[in-house]
Amino acid sequence: MRASLARSASRHTLVWVLGSFIVVPLLYAVVSGFKTTGDLTTDPVGLPSPWKVSNYTGILSSGDFWRQIGNSVMIAVATTVLTVAAAALAAFAFARYAFRGREFFFTLFAAGLMFPPAVAVLPLFVLLRSFGLLDDPLGVILPQAAFALPITIIILRSFFRTIPAELEEAAIMDGCSRFGFFWRILLPMARPALGTVSVLAIVTSWNNFFLPLLVLADPKWQTIPVGIQQFQGQYSTNYALVIAYIVLAMVPAVAFYAVAERQLIGGLTAGATKG
Amino acid sequence: MTSTFRGSAPTDDRPRPAVRAPRGRARGAPAGRRLRGWMSATWFLLPALLLFLFFVLIPIFVAFYTSFFTWGGFGRPEDFAGLDNYRKLAGDPVFRGDLWRGLFLVVLSIAVQLPVALGTAVLLNQRMRGRAVYRAVFFAPYILSEVIAGVLFGIIFLPGTGLADTLVRDLPLVGGLAGGWFSDAGTALPTLFAVMTWKYFGFHMMIYLAGLQGIPPEVLEAASIDGAGPWRRFRGVTLPLLAPTLRISVFLSVIGSIQLFDLVWVTTTGGPTHSTETMAVTMFQFGFKRYQMGYASAISVAMFLISMVFSLLYQRYALRRDLQGAVTSAGGRR
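Listed in order, the protein sequences are those of chains A and B. Under UniProt numbering, the first residue of the first sequence is numbered 1, with each subsequent residue one higher. Under UniProt numbering, the first residue of the second sequence is numbered 1, with each subsequent residue one higher.
Pulled out of the complex, with its shape left as it was, chain A reads as follows (with noise of 0.2 angstroms):
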């Protein structure tokens, strides 16, 4: 008893020395938000004082905070949208559907897990450029979907291979089309798949630099990530301010969380073991 007792001790403090290291840099940026830069400073480790809520307030209470956070819930919510309506059709026709060249174009989907973006980046802003989708939420909106398209579609066809064909052949009897079938009866039997892949597509994006940097220059069409490195640039020695600023961006995201979790994790983890 005593000694199970001790290990169980052990294990609990051999977590918190491992967690401290996640949590001490994210407790830093909340408290160090409420300091002066010259306290952040003098003192990096002591609490504020006084607390200051200007650096908070300030920024919630600039237009370009909140209309970063709105291009980015507008990207990340059509980026969805598209990958996931793209992605669940190509799924249903992999999962249900002989035809020659099938698995020529599924490994040619699957293939393209492999591509890193950055890959294909420069390429892209030169082709983008040509079609006149810089400074263009579209301009993200597309590529976006078409990386993550590899990812959902493989989640999606493993999931739509469970269901029984059976099921199918039935509404085909009675009647229904193949789109029909898969509108109407696979689409909301599929609600939990499409949940995740949704999720993984939503965060995805919502953190996406690379390609919004090159493309959305206009402050305009600038996402979070972007306003964050250009908020960085502009007050470079306001460090407290700075630190505000990124605490405030991670809130979405950590709500997102919160109230995601289990979608995401499911998906990450059925994503690494599909592949």
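In short, the hints are calculated from the structure, not lab data. For clarity, every value in this text was computed on a predicted model and none was experimentally measured. Fair warning: there could be bad hints in the mix.
Facing chain A, from chain B, some residues (calculated, C-beta under 7 angstroms) [unchecked claim]:
| hint | residue |
| --- | --- |
| 1 | L163 |
| 2 | V168 |
| 3 | Q292 |
| 4 | A296 |
| 5 | S311 |
Derived SDA-like pairs: lysine to any residue, alpha-carbon spacing no greater than 20 angstroms straight-line [stated by the list, open to error]:
| hint | chain 1 | residue 1 | chain 2 | residue 2 |
| --- | --- | --- | --- | --- |
| 6 | B | K289 | A | A217 |
| 7 | B | K289 | A | A255 |
| 8 | B | K88 | B | Y65 |
| 9 | B | K289 | A | D135 |
| 10 | B | K289 | A | R129 |
| 11 | B | K289 | A | S4 |
| 12 | B | K289 | A | F105 |
| 13 | B | K289 | A | G233 |
| 14 | A | K220 | A | R100 |
Even for Gly, the Cβ is constructed at its ideal location relative to N, Cα and C.
Knowing the structure of chain A, use the given hints to seat chain B on it.
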């Protein structure tokens, strides 16, 4: 077959009840329906194919094409340079340094980050109070963007006045690190690795946890009845059964290191004196700061080829059994 609704997920095409498709490439639908199947399958595939073609495949071909030109990025590339860009690339010490730095990050990830993540996963797989909270805490940095992590740690590692210096300055052994971090060419890359670890540790831990949960407890019990202690159980049962998950996490680490950009750009932009520069950063520098698009395209192509060759070899030799139906093994059957 009718009884299993969603229970046991088949890993392969299920046999059809009444009419069986002839064996061959086109399985999964009765033969008579095949042609119609192909026609309507096209409509289902079209949106995804178009997106993929225009924004993934064509850009990669464009990169190949422009890499053979000396091109400033405006107008059409006309100044054909043959393999000049690649010759220059091969002799460029910064690019060669990128390769070494990438390798350094990969080796450190595999040697340090992954084993610790595995240990933590094993720890948090046991029954303990607050387990869910611990997991959530370790995972939290993963959902924050690399930009947030980069800006935060840029401030934490400020020489002289940052949190890291204050904490470390008076300690033995590590006290000498104070003042260095990102600002010293000798310590910048390890510091970058530390931030990467902070950001991605929880992700690897989480996929290991998922893998651990897939190990049937009976197997471990059986080993325990046979007299295997905890270490032997880990070595003999857990580790081999976790191998597919480990291989995937190594794969993701390597691909991630090849394309590392955001974190570097926000913290050091590659400096001091190229000590943290990655291939993606070099590419960005040449493409968008110096307008040498042809040369930058050659770097893109090099990144593509490196990740491609690595992926193929890795798939061929390490992932073959894990990725059923994904890439190498067409349709899950060989």
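Now the hints, each set against the structure:
1. L163: 4 angstroms, holds
2. V168: 12 angstroms, violated
3. Q292: This hint is violated: B/Q292 lies away from chain A, its Cβ roughly 11 angstroms from the closest one there, beyond 7 angstroms.
4. A296: Because about 5 angstroms separates B/A296 from the closest Cβ in chain A, which is inside the 7 angstroms limit, the hint holds.
5. S311: 4 angstroms, holds
6. B/K289 - A/A217: 14 angstroms, holds
7. B/K289 - A/A255: Roughly 37 angstroms separates the two Cα atoms, so the pair is violated.
8. B/K88 - B/Y65: Given that 20 angstroms is the threshold and the Cα spacing comes to 17 angstroms, the pair holds.
9. B/K289 - A/D135: 18 angstroms, holds
10. B/K289 - A/R129: 17 angstroms, holds
11. B/K289 - A/S4: Distance ~61 angstroms between B/K289 and A/S4 Cα, so the pair is violated.
12. B/K289 - A/F105: Violated, at about 37 angstroms.
13. B/K289 - A/G233: Holds - the C-alpha atoms of A/G233 and B/K289 are around 17 angstroms apart, at most 20 angstroms.
14. A/K220 - A/R100: Cα-Cα ~47 angstroms, so violated.
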